[in-house]
Structures are given as C-alpha cells and as structure tokens.
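Colleague: Listed here are the chains, written in short residue letters.
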Amino acid sequence: METKNIMIVGVGGQGTLLTSRILGGIAIDGGYDVKLSEVHGMAQRGGSVVTFVRYGEKVAEPIVEVGQADVLIAFERLEALRYIHYLKKDGVLIVNDQRIDPITVVTGVAEYPENIIENLEKENKVLKVDAATEAKNLGNPKVFNIIVLGLAGAHMDFSKEQWLSVIEKTVPPKTVEINKKAFELGWRLAQ
Amino acid sequence: MAEKKIMLGNEAIARGAYEAGVKVSSAYPGTPSTEISENIVKYKEIYSEWAPNEKVATEVAIGASMSGVRSLVSMKHVGVNVASDPLYTVAYIGVNGGLVMVAADDPGMYSSQNEQDTRAVARAAQVPVLEPSDSYEAKEFVKFAYEISEKYDTPVIVRTTTRLAHSQGIVELNDRAEVDDKPYERNIRKNVMMPGNAILRHIEVEKRMNALIEDGATFPINKVEYNDTSVGFITSGIPYQYVKEAMPNASVLKLGMVHPLPKKLIEEFASKVDTLYIFEELEPVIEEQVKSWGIKAIGKEIFTVQGEYSAALLKKAVLKEDLDVKAAAEVPARPPILCPGCPHRSVYSVLNKLKIHAAGDIGCYTLGAVAPLSVVDTTVCMGASISTLHGMEKAKGKDYVKNWVAVIGDSTFLHTGVNSLMNMVYNKGTGTVMILDNSTTGMTGHQDHAATGKTLMGEPTYAINIYNLVKALGIEHVYEVNAFDIQELEAIVKRETQREEVSVIITKSPCVLLKGNVFKTKCKPVSDKCKKCGMCLKPGCPALTKNDDGTISIDETMCNGCGLCKGLCKFDAIEEVEV
Numbered sequence: 001m002e003t004k005n006i007m008i009v010g011v012g013g014q015g016t017l018l019t020s021r022i023l024g025g026i027a028i029d030g031g032y033d034v035k036l037s038e039v040h041g042m043a044q045r046g047g048s049v050v051t052f053v054r055y056g057e058k059v060a061e062p063i064v065e066v067g068q069a070d071v072l073i074a075f076e077r078l079e080a081l082r083y084i085h086y087l088k089k090d091g092v093l094i095v096n097d098q099r100i101d102p103i104t105v106v107t108g109v110a111e112y113p114e115n116i117i118e119n120l121e122k123e124n125k126v127l128k129v130d131a132a133t134e135a136k137n138l139g140n141p142k143v144f145n146i147i148v149l150g151l152a153g154a155h156m157d158f159s160k161e162q163w164l165s166v167i168e169k170t171v172p173p174k175t176v177e178i179n180k181k182a183f184e185l186g187w188r189l190a191q
Numbered sequence: 192m193a194e195k196k197i198m199l200g201n202e203a204i205a206r207g208a209y210e211a212g213v214k215v216s217s218a219y220p221g222t223p224s225t226e227i228s229e230n231i232v233k234y235k236e237i238y239s240e241w242a243p244n245e246k247v248a249t250e251v252a253i254g255a256s257m258s259g260v261r262s263l264v265s266m267k268h269v270g271v272n273v274a275s276d277p278l279y280t281v282a283y284i285g286v287n288g289g290l291v292m293v294a295a296d297d298p299g300m301y302s303s304q305n306e307q308d309t310r311a312v313a314r315a316a317q318v319p320v321l322e323p324s325d326s327y328e329a330k331e332f333v334k335f336a337y338e339i340s341e342k343y344d345t346p347v348i349v350r351t352t353t354r355l356a357h358s359q360g361i362v363e364l365n366d367r368a369e370v371d372d373k374p375y376e377r378n379i380r381k382n383v384m385m386p387g388n389a390i391l392r393h394i395e396v397e398k399r400m401n402a403l404i405e406d407g408a409t410f411p412i413n414k415v416e417y418n419d420t421s422v423g424f425i426t427s428g429i430p431y432q433y434v435k436e437a438m439p440n441a442s443v444l445k446l447g448m449v450h451p452l453p454k455k456l457i458e459e460f461a462s463k464v465d466t467l468y469i470f471e472e473l474e475p476v477i478e479e480q481v482k483s484w485g486i487k488a489i490g491k492e493i494f495t496v497q498g499e500y501s502a503a504l505l506k507k508a509v510l511k512e513d514l515d516v517k518a519a520a521e522v523p524a525r526p527p528i529l530c531p532g533c534p535h536r537s538v539y540s541v542l543n544k545l546k547i548h549a550a551g552d553i554g555c556y557t558l559g560a561v562a563p564l565s566v567v568d569t570t571v572c573m574g575a576s577i578s579t580l581h582g583m584e585k586a587k588g589k590d591y592v593k594n595w596v597a598v599i600g601d602s603t604f605l606h607t608g609v610n611s612l613m614n615m616v617y618n619k620g621t622g623t624v625m626i627l628d629n630s631t632t633g634m635t636g637h638q639d640h641a642a643t644g645k646t647l648m649g650e651p652t653y654a655i656n657i658y659n660l661v662k663a664l665g666i667e668h669v670y671e672v673n674a675f676d677i678q679e680l681e682a683i684v685k686r687e688t689q690r691e692e693v694s695v696i697i698t699k700s701p702c703v704l705l706k707g708n709v710f711k712t713k714c715k716p717v718s719d720k721c722k723k724c725g726m727c728l729k730p731g732c733p734a735l736t737k738n739d740d741g742t743i744s745i746d747e748t749m750c751n752g753c754g755l756c757k758g759l760c761k762f763d764a765i766e767e768v769e770v
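Protein chains in written order, with my numbering: chain R, 1 to 191; chain Z, 192 to 770.
Just so you know, these hints were derived from the structure itself, not from any lab.
Source: prediction; values computed, not measured.
Glycine residues also receive a C-beta, built at the ideal position from the N, C-alpha and C atoms.
Keep in mind that the hints are not guaranteed to be accurate.
To be verified - Part of the chain Z face toward chain R, derived, beta carbon under 7 Å:
#1 Ile-197
#2 Glu-436
#3 Asn-440
Claimed, not checked - No more than 27 Å apart at the CA atoms, straight line, and that leaves these computed lysine-lysine pairs for DSSO-like:
#4 Lys-711/Z - Lys-136/R
#5 Lys-160/R - Lys-142/R
#6 Lys-544/Z - Lys-587/Z
#7 Lys-195/Z - Lys-58/R
#8 Lys-58/R - Lys-196/Z
#9 Lys-160/R - Lys-195/Z
#10 Lys-761/Z - Lys-723/Z
#11 Lys-715/Z - Lys-142/R
#12 Lys-89/R - Lys-511/Z
#13 Lys-398/Z - Lys-235/Z
#14 Lys-128/R - Lys-737/Z
#15 Lys-699/Z - Lys-757/Z
#16 Lys-706/Z - Lys-180/R
#17 Lys-136/R - Lys-715/Z
#18 Lys-706/Z - Lys-169/R
#19 Lys-89/R - Lys-125/R
#20 Lys-89/R - Lys-506/Z
#21 Lys-414/Z - Lys-58/R
#22 Lys-414/Z - Lys-398/Z
#23 Lys-373/Z - Lys-342/Z
#24 Lys-169/R - Lys-136/R
Said to hold, decoys possible - What follows is a list of derived Cβ distance ranges for each label pair:
#25 Asn-140/R - Met-613/Z: 47 to 53 Å
#26 Asn-119/R - Val-415/Z: 16 to 22 Å
#27 Phe-710/Z - Ser-165/R: 47 to 53 Å
#28 Gly-30/R - Tyr-417/Z: 29 to 35 Å
So that you can see chain Z by itself, here it is in the shape it has in the complex (with noise of 0.2 Å):
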C-alpha cells in the first residue's frame, strides 16, 4: 500500500512536480504560492530558483521544456500577469517537455491586492486549466497536467486558491517517474513567433483547444456523480467540498479541467437534472460560457462574486435555509501589524515626524498605511511605488513631489522597481526613493532573492549589491544608512527630498525574524523617570503599552530590544537590558 501522508495543498504540488519527473521549477514568491519551491527543494532530483519576477521565472521553464525535459513555474494570481507577456506566446509555441503554471489565485483577499481569477486570464490566453480540490488531487492533477502538456503541446495551467493551497489533507505518495528528456531539435516555425510563424502557430491552438474540449469529455479528471436528478450542481476546486459538506444528496458534475470546458459532457449532466445551479468562486467564468450554449442554469443570480464561499453560503441561497446561529461579537478588530522590532516602524516614524506622504509597494512595509504609522499614501502592484511618484511629479511639477517617497523593499526593488527607477532617470524626474533592505523577502516568509547571497537550493552565490546597481544607472546621490538611525536618517530625508535630482535612499537592517538575526537586548521601562508623554508609543510598537497610570509596559516575551522607543524618549525612562 502506498505510504499516507498529510500534506497542505502546496506540498501535495511539489510531490506531483517530483513525481512527475520535473527537472526544472523557477518561481517568485507569493502568497499563496510560496510553499510550493519551498517544498520543491527538498527534492534534489529537481533544480529549483528564485527567479527575480514572475515573468523571468516563466522565461525560465519555457527553456527548460524547449530543452526537453519537464519543467514547473509557479506564482500567485497578479504575478501571472507579470508573467502574461512570455504565457501568451508560449500558448502558441507550445511544449516539447511538459509545462506547467500554479497560479495561485486568493478569493476573500487573505494576502493580495485584488482577487482576479486565473481561469478568465487563462481564456484569453488560450491555455488549459486544471483545477484541483484538495490536496489529494492536487498531487494527481500536476501529474496529468504534465500528460496534457505533452499530448497536446500546450502549456497546462494549474489552478490553486488559498484555502487548497493553504489546506492539508492526506496524500498517497508515489514513486518518482524517471521521464527521458525529449531531443532538443532545432523547429523555427515553432519555436521563433515572428509574424508569418506565429500566424500558422494560431491554427495549431484553435485545434488543440477543439481537441481538448472533444477529449475533455472522457477525461478522469472530469466526474459525473448522480444521485438526486432534481437538483444538479456543475462546480470545481475546493466548492465542491462545500457542494458535498452542503448537499451530500444532489447529482455533481465536477470540472477537473475548467477550460476549455468538455462541452457535450455538460450537455449531457444538464438534459438529466431538473435544476441545474452553477457553484464557482469569483467570475461566471464557467457559467457565462454553459449559458451561452442555450442551457438553462442558476449562478452568479444568487452566488456573489466576491470573496470565499463555504457549505453555509450553499445551504442558505440553494435551501433558503435559515442557519440557526450566533451573531458574532461586536469586538475591537485586529490588523495585520509591523512586528515588534520591525526597521520598517523606525523608518515610518520618522517619515510620519516629517509629515511626509510615501507612494507605496508590496511588502511588509504596506501596513506603514494605517493608523499610528500613516505614512504609505498609494499601493497598486510590485514596482509602481517609483514610477507613480514620478507619475505625480510630471503631473504637478518638482516643488509637489518634495514632501513625497517612493518606499519599496530589497525584493520588490529587484522584481520590477529598477525598471521605474531607470524610468525616473531618464526622463528627469527628481523623487526620492526608499530602498527598506531587510534582505529578504519578508512578508512571503523569508525568501532569499538575488541581492542575498544565497540561492533557494541552499548554495551561496555572489550577492547584487544594490548600492552598486543604483549607482550604476547614473544617479549619484545615494546613501546607505540604518534603519535604527533615526537622526541620520531623518537629517537625509529632509535634504534629499529637497533635491532637484533623483537620489536613493538604502534603508539596511534585516528583518527581525530572520535566522540567527537576534538583539541581545530587550527594553525596559523605567517607570519613576517616565514623564507619560507617550513619545515611545507613537510608533505603535505591539509590545508596548499604556498603563492606568499613564506610564507604560513592555512585553519581554514581544520585544526584540530594537531601541526605537529609547530612541524617541526623552526622559531616559527606557533602558536597554542584556538578555
């Protein structure tokens, strides 16, 4: 009997990556995607990176399969469309060893900045989708993406949500198939898109997808369940789950692949139930196409687009079931929080002292937004921080931008800011860019990327030295400084945002929850010296707070000894103890 084992939904797609004979995977982290490399690597049968975005990270496993063996790319919803240029046009390429995309898609917006669905990008660019529901399938479905593929030759893409990717459950563990890798053969009129190519190339697809939408039918990996006909369900993914926990009793067509759909299968599922209702997260993406074929359904009439859905949300639209339960507490609500120690809090203290506003990123450092930070003004996608600054500034002129930032971190920076800093460069723009290095990726937990040193497989490797890059693009004020410096720090913002020319700012101290990044001190307060000003709380360190009395606490067990609060007091009323 194969061995069992509980995996969460992302190790489940690492073992059907290894499982499957991958030999190649390249990703950029994001929740929730990041646990698949992060389990991939523990597979040393497979060579597997940090690519600096999703787009490069994409380039990467298109060469590998152009090579001839089977190769993997993963990455949350937005990074597929940092990754859409190269997946558009390797639609049309297609595959000689298997290929395959995770996109993580995040309904209920647990980690992300919108909640677009995969399936509708998946449409345009004429790529077949998958869509596991729990992490059993999730094992299984990789493994018969990597069938498609090749059959087919097409990039297969694997669809995820957070609460698949985020959900454990048990997994059969298989053996490694040992895939030969296919000969790499030089085939221009495949494999170069210049205009007369790509055009017979768009021929290929229209076929492969009439191809797969006849095969689809007969595909395991699409189930017809029947039981009651008065009642059927056409869903996918983890609302199945919510389908089965709901209404165990009704007749279910579950989608394996949810595009291109298996057109005469639903046909056939719908003509045998008396009422058909369509159960999917997000957009009609399947229901606006089974409508378009004349078949009558209920759907997005009564299931919201937004966020995630659950057995409970079923039982009341479909059953009208009044659910006999508690209303929850009216209580004090708790957000996401810098934590204690952060460098990203020191540099926002003094940014909010100054009364300055930033143009934000993606990272930790967007919760520099609310309230007592309240310096973050804007946040739109990885890298915008730099070119909307400069977006304002060539809108309202100099003088504007000089109470302005851009503030982006060492990852983000790599991802897709320098591209907007060479923007500012070049055409005259005069900002002042925050470089946050805490070298590493912080909020996705602690992902090495190029600037670190060291490679996802564990190897050191030569470190981008970010001071050195930005100076290479011509600008020549730039000055490194640490985060914890809060008189330095504050004497540099005041004059470079002065500045008529672009000048960059390298914020340096690692994340406080890095490895082997430990203070060898803890704060302390010192209560008969305490003027109960609440200088030391402005910055809204969690460890910290205010007594009946006025003076304040601090939690040893939360404080990691940073400063920030000795810094901003005046009384001497903190000291820093040895731990």
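Isolated chain R, as found in the complex (with noise of 0.2 Å):
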C-alpha cells in the first residue's frame, strides 16, 4: 500500500501529543512500519501545533508535505484553514468546530476570520464536530481530542476494536472508560 500521510494540527496544550501517540500505536499494531514527528518545547506554549504520522510498508520521511495529506486532523478552526494547502486533492479534513482566538487577535493586530469552515467545505470533504460541547455532554470536556480521533479513525485502515484496544493501552488507565465512550462516539458521529 501507499504511504498513509496523517496530520494533527491544533493549539499548543490542546493534547496533540497524546492523540499522535494513539496514532503510532495504532499504525505499529497494524504491522506498518511507521514515523511520526511532534512539535515540543516552545511552540507548545498556545502556539500553533502540528504532528505528523506516516504509516506503510516503509517509510523514510517523518514529515507530511504539502499538499500529501489524507487526513487532516485539526483541533481547531483557524489551524484548519492554516494548514488546508497540505490536504491531498482526495482527502478529508476533520475540524473541530471551535475557536481559540491567536494573541495577534486579541490584541486588535490581526482579525479572525470569518466563515472558515463554510469556505473549506466549498473546495474539500470537510467533517466537523462541536467536540467541546460533545465532551462536555459525556462529562469530561478534555476528551474532546478523543471524539475528535473517533471522527477521523472511520477514515483510516483499521477496526473500532483494534482503536479501542490501542486507547486502553496508551491513555491514562484512571481516564480510560471515558476514552473509549469518546471515541465511540467520534465514531458515531463519522458514520
């Protein structure tokens, strides 16, 4: 098969570590070869955020280039729109449906766009999720990166079984129940 090209992309804190890390094992689980490349340090500090993962029967570069992803997953709606030109002709963009205004917005610098996802949809297969207000519902608002994967694993080449298996081994084992109810529902909401 083809190299898969996944992306995350998000704000600095919003868990997009922990997601990439689902995706590595998840890939690893599945016998593929595998790289993923993360952003540390400062830009994690509410800066812009993005995590590369390739997956295939073997693979050299551990970054996804521009216009190469299949599966764009952004954590937010401005990252999406920063990010669009890397999403493959085919591809898919999953957007959570929220708003983190940058710095340069809050202080009257830059503005935040309008409309963001309605002109995405215009040129690419957008799906979007309020993933704050659905984790909310399921009673713990940080699992909305989780709702978010679910959303984007019904895109990928592998069972719900084989992500939930993958979720219990790599999260937290106190925060695993409302993991998997996370991506459930993700899941759900992809179908």
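With the hints as a guide, dock the two chains, each given alone in a separate frame, to form the complex.
Modeller: Here you go:
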C-alpha cells in the first residue's frame, strides 16, 4: 500500500501529543512501518502546533509535505485553515468547530477570519464536530480530542476494536473508560 | 525475535545508552534534548542527574569515564557552547570508560536562539561525530559510539536534530551489555592537562583522527547504496530520509560518521557517479572538506544553509520540479504565549504599567518580549540578563538603569546567572535583578533543579535556598514576593529600581502547569458590572476574549483561576468561583 499521511494540527496544550501516540500505536499494531514527528518545547505554549504521522510498508521521511495529507485533523478552525494546503485533493479534513483567538487577534493586530468551515467546505471534503460541547455532555471536557480522533479513525485502515484496544493501552488507566466512550461517539458521528 | 517498539529519537538514545552498559548520565535540560534524561531515569541500572549547567554535566561524565565506567552527557546545541571548555580538553585526555556527548541541533529554530551546527564545533575540538537518521539508528549509533570511544581513546559526539529527536520510529530492543568497569590507574601524563603533558597529547589526538579517517571507510555506519549512478548524494542524518523519499533511485553515500570524514570512501563514491550532490542541513561542513580535496560537487549553491530540509526542497532544487501545490492561506499568526495563570504574566503586567525595560534571559519568560506585555528588550543566552544589564549601566551610568531590571528564571539563575550576579556585586553595579522563581525548569517541560528539593531520580534532596544564596553574595536588599501580589510587587519595583545598590526581587509562584499545582477557583465575568474598559484584557491572558458588545468572556476550560484579571478590574466585574 502507499504510505498514508496523517496530520494533527491545533493549539499547543490541546493534547496533540496524546492523539499522535494513539495513532503511532495503531499503526504499529497493524504491522506497518511508522514515523511520527512532533513539536515539543516553546511552541507548545499556546502556539500553533503540528504533528505528522506516516505509516506504510516502509516510511522514509518523517514529515508530511504540502498537498500530501490523506487526513488532516484540526482541533481548531483557524488551524484547519492554516494547514489546509497540506491536504491531498481527495483527502478529508476533520475539524473541531472551536475558536481560540491567537494573541494577534486578542491584541487587535489581526482579525479572526469569518466562515472558515463554510469556505473550506467549498473545495474540500470536511467533517466538522463541536467536540467541546460533545465532550462536556459526556462528562469530561478534556476528551474532546479523542472524539475528533474517532471521526478521523473512521477514515483510516483500522477497525473500531483495534482503535479501542490501542486507546486502552495508551491513555492513563483512570481515563480509559471515558476515552473509549469519546472515541465511540466520534466514530458514530462519522458514519 | 527482538521486541519492537515505537520510540522517540530521544527515547531510543536513552535505550542505546542502557544497552551499551552506561552507568552514569548527567545533563541540563534543553529542547530538543530533554527527553533523553527523562527516559534514562527509567533504567535503574543507570545513575542519572540534572546538573546546573552543561559544563558541570560534561565534567561529571568525564569524571565517571576517568574512573572507568561508560558515561553519557546530553544537551542542546547551545549547551555545547557552555560545555566547550571541558570538551576541547577532554578531546586531548581521551577516556577510560567510554564517553559520549549527545548534542541536539535545532535547524529551523523551533525552540532556540540560533541554529549553530555542532559538527563545526566538533571539527574545532577534534572530536568524532556520529549522526543517526531515525530512531532505530539512534539506538544503534549510541552503542557504536561507545565502541569507538574506547577503541580510539576519544570522547564521541552523537549529533541529532530536532526532527530526529522528536520523531518516533520503530526500534528493536536488545539486552543490556554488562560492561566491566575498567580499572583506574593514576596517569598524570594523560589526565593532567598542563602544557608539558598536553603538548604530547595533542600528538595523540592527531594520530587518532588520522586512524579514524582511515578506518572510517570500513565502519558499517558509513553505507554506500549504488543505484542509478548518473546522480549521487553524500548525505547523513535526517536529510538522508529526504533523499530516499524524493529520489529513491539515486546512488547514496550515507555517512554515519560525519567527522572525521572517510576520505577514501568519499573519493571512490565520487569517482563512480556522474553528478555529485552534497545534501546536509545547516553549514557546508562536509561540502567544504570534500571540495578542498579537488572533488567536484554541488551543495550550498542550490541548498540553503538556513532551516530544515524536506523531500520537496530536494525535488525543487535538483529536479527543478514545480510542485503542483496550493499556497498557504493568509491567516493570523499564532505565536507561543504564556499560559493562562502563568505567574510571569502577572510580573510583566506590573513592569509594563511602570514602563520598565527588562534585560531578558532564556525561558518561558522570554515571551514577555511580545505584545501586549512588551517588557523584555533583550535576550542573548542563558544567564545573560544580569550581565548585559550591568554592561549597560557601566556604559551609560547609574541613572540610565533606573527604569531597567534584569529578569531571569530560577533554573537559569542557577545555570549561569549566579556568576553574573557575583560580577554585579563585585564591580559595584546598582542594577535591579528579578528572579522569576516558578519552582521548576518550565519551558523544557518541568525538570527539577538544585532549588526544587528533588533529584532527577525522584529522591528528596536539600533544596538550595535562592534567597540565602543571594544574601550570601553580600546583597543587602533582597525581597521575596508572591508574583500575583501586584500591589506589593509594584511598590517594591518602584522603590528598588531607584536605589543605587544591587537589589534582588524574587517573585515566587509555582508554574501553573506543575503537577499538584491546582488553583481552587476560576474567574467569571459579572456582565452587568462591566464598564468595558478593557483593563482585564491588557495582560493578554488567552482565556479572556472580548465580546462584540465590549464585555468579556472567560473560557472556563482554559482559566486557571490565578485572579490577575480580577485584581486589575476596578469595578468588581470579575469574581472568583469555587470549582
């Protein structure tokens, strides 16, 4: 199979690293070669962050390049727009319908773009979810990222059971149940 | 079959040290090297520690090596500058037990103040350098580095970059080799570097480097892959992966050892390919040497010395491919910022109000340079805040620094800031120094240090008292104040900046992300009391947003309840609620 390219983008502190660990885990469980590339350090302090995940028979480059992403997972609207040019022509964007103002907007240097998702839908396949509200309804606002992952997971090469087993192995023991619930919810929403 | 595991580059390096039988590891945290120590600590067979700076860490590793065990020291690229004093001389001394330094470069400067190339430092220091290209090799190369170190009696640098250190790939786990301690023998000709001995050791250094040039041709880590010989690449590290991705049919000489270069192997490869490219990130370290031997090659004429490479960059430069890709949308930048509830924001809101300039330092608090806080004017390197402020005073006089302070974190103060403060006291400076003590090494992800009371291995230990340390330097005016007590802080800063003596203000409040540091409240706007004055928005807390009608919202998942916005509101339009 051709190497699959996944990207996770968001705002530092939104839990992109946990999500990428689960993605890495599922690829290795599926018997693939896999490479992940993450951002640590300064950018994690509320900056724009991106994680690349590539899996296939043999993976060389650890990053996904412009126009190459099969699945773009965006935890925030503006970040979806920032990285949309990485998406392949027939790729899918999974976007959490949430707005987090960057400091440039807060200080009035820049304006937060209007109608981001509506505009992205014109040229791309887009699945959106208000994961913050969904997570709150589930009882833990922190698991919004796993709901988003559930939607993305439905567009990849693994069964729901495979995903749930990797989640069980990856998240802190106390949060296994709520994270599994969150994933199943996302998976359902993608159908 | 060996167990396979997906590992971060840094995790694989730690595993490599474990499998190589390393017994001592010392380091100072620095992105992208920090996770090496954070993973080494999981192996109980290795003694591991955080040192106050990279020079100390290197000397600890040298001592362990002299005593006869394998030791490791790790740091980011700029840490190598701090460690260069012992590094240049241990190159002469050599080793007893194997000695490896991991130096993590940062092309693209994801988390650094420059993008210097450790290979250039290593050339000057005459230390061999190995460069792995993925997690698998990271582990294997560390093990090989110990073999070379002991066989050729030399410290060895394993050079990584951010993209390797923070990428995960598949690694095969092996058992730990139990390496016997080498006996210690007193040998002052080798271990005491005074001129008469060092002159003789320099001869040994030259012999050793020549032997490595010769033997490098047969090292398994230097690999030749002949395919289509019309195009050949000499490359190493992560750029090798870009060559394989972009031009899988090209011939490649992949150098695992990038210093010294295996000259014969390179000459042979060059003679067999029609067009030779040298593909290396940052400085033309390989290229300049190869060209100096009269070999024709293309390198920095078409490849940049700045930032990270990629397969696309290679395709564009070599194949002149115009990639059919969309341009990036123009969107507002999202630079990193201080977290909601960060004590630095509180301190900076006071300095901003008083229109005070800050000579800055390295840490999260460097972010105080940008709007809306706009307090930090300068940042050079670890510890430089205090000494640059002192230099300004000596240049322009005491009055000039009365609207200046130096700001430095607790970990950075213990790293090298304390030396700068000694200088300020000794040379009759009058500057005001603010130590922003958040009880951790924040930016790199919360590592302990000499003033936190806990070792890397998790043991309780004596916590150096920064107040007493500063007092012991002979400074009379030393104050401790809660970073969130903005009235008190304002009064102290106003008074001390005018005082014509050194004063030190220690603002104390733990990092909001520290485990166990949970605020018990959250801030909530009371809309009907809000006068829409915008005072609460001034410090730029990311949890606050301005509504269309001019009132504010506070994101309850982001708010950490520090109360800074509440303290700034004159109309009681923000309240603290229990969570």
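Colleague: If a hint holds in the structure, say so; if it does not, say that too.
Modeller: Hint by hint, here is what the structure shows:
no. : hint                              : in the structure
1   : Ile-197                           : holds (5 Å)
2   : Glu-436                           : holds (4 Å)
3   : Asn-440                           : violated (13 Å)
4   : Lys-711/Z - Lys-136/R             : holds (20 Å)
5   : Lys-160/R - Lys-142/R             : holds (21 Å)
6   : Lys-544/Z - Lys-587/Z             : holds (24 Å)
7   : Lys-195/Z - Lys-58/R              : holds (15 Å)
8   : Lys-58/R - Lys-196/Z              : holds (16 Å)
9   : Lys-160/R - Lys-195/Z             : holds (23 Å)
10  : Lys-761/Z - Lys-723/Z             : holds (11 Å)
11  : Lys-715/Z - Lys-142/R             : holds (20 Å)
12  : Lys-89/R - Lys-511/Z              : holds (22 Å)
13  : Lys-398/Z - Lys-235/Z             : violated (38 Å)
14  : Lys-128/R - Lys-737/Z             : holds (25 Å)
15  : Lys-699/Z - Lys-757/Z             : holds (20 Å)
16  : Lys-706/Z - Lys-180/R             : holds (25 Å)
17  : Lys-136/R - Lys-715/Z             : holds (18 Å)
18  : Lys-706/Z - Lys-169/R             : holds (23 Å)
19  : Lys-89/R - Lys-125/R              : holds (9 Å)
20  : Lys-89/R - Lys-506/Z              : holds (20 Å)
21  : Lys-414/Z - Lys-58/R              : holds (19 Å)
22  : Lys-414/Z - Lys-398/Z             : holds (24 Å)
23  : Lys-373/Z - Lys-342/Z             : holds (13 Å)
24  : Lys-169/R - Lys-136/R             : holds (24 Å)
25  : Asn-140/R - Met-613/Z: 47 to 53 Å : holds (50 Å)
26  : Asn-119/R - Val-415/Z: 16 to 22 Å : violated (51 Å)
27  : Phe-710/Z - Ser-165/R: 47 to 53 Å : violated (36 Å)
28  : Gly-30/R - Tyr-417/Z: 29 to 35 Å  : holds (33 Å)
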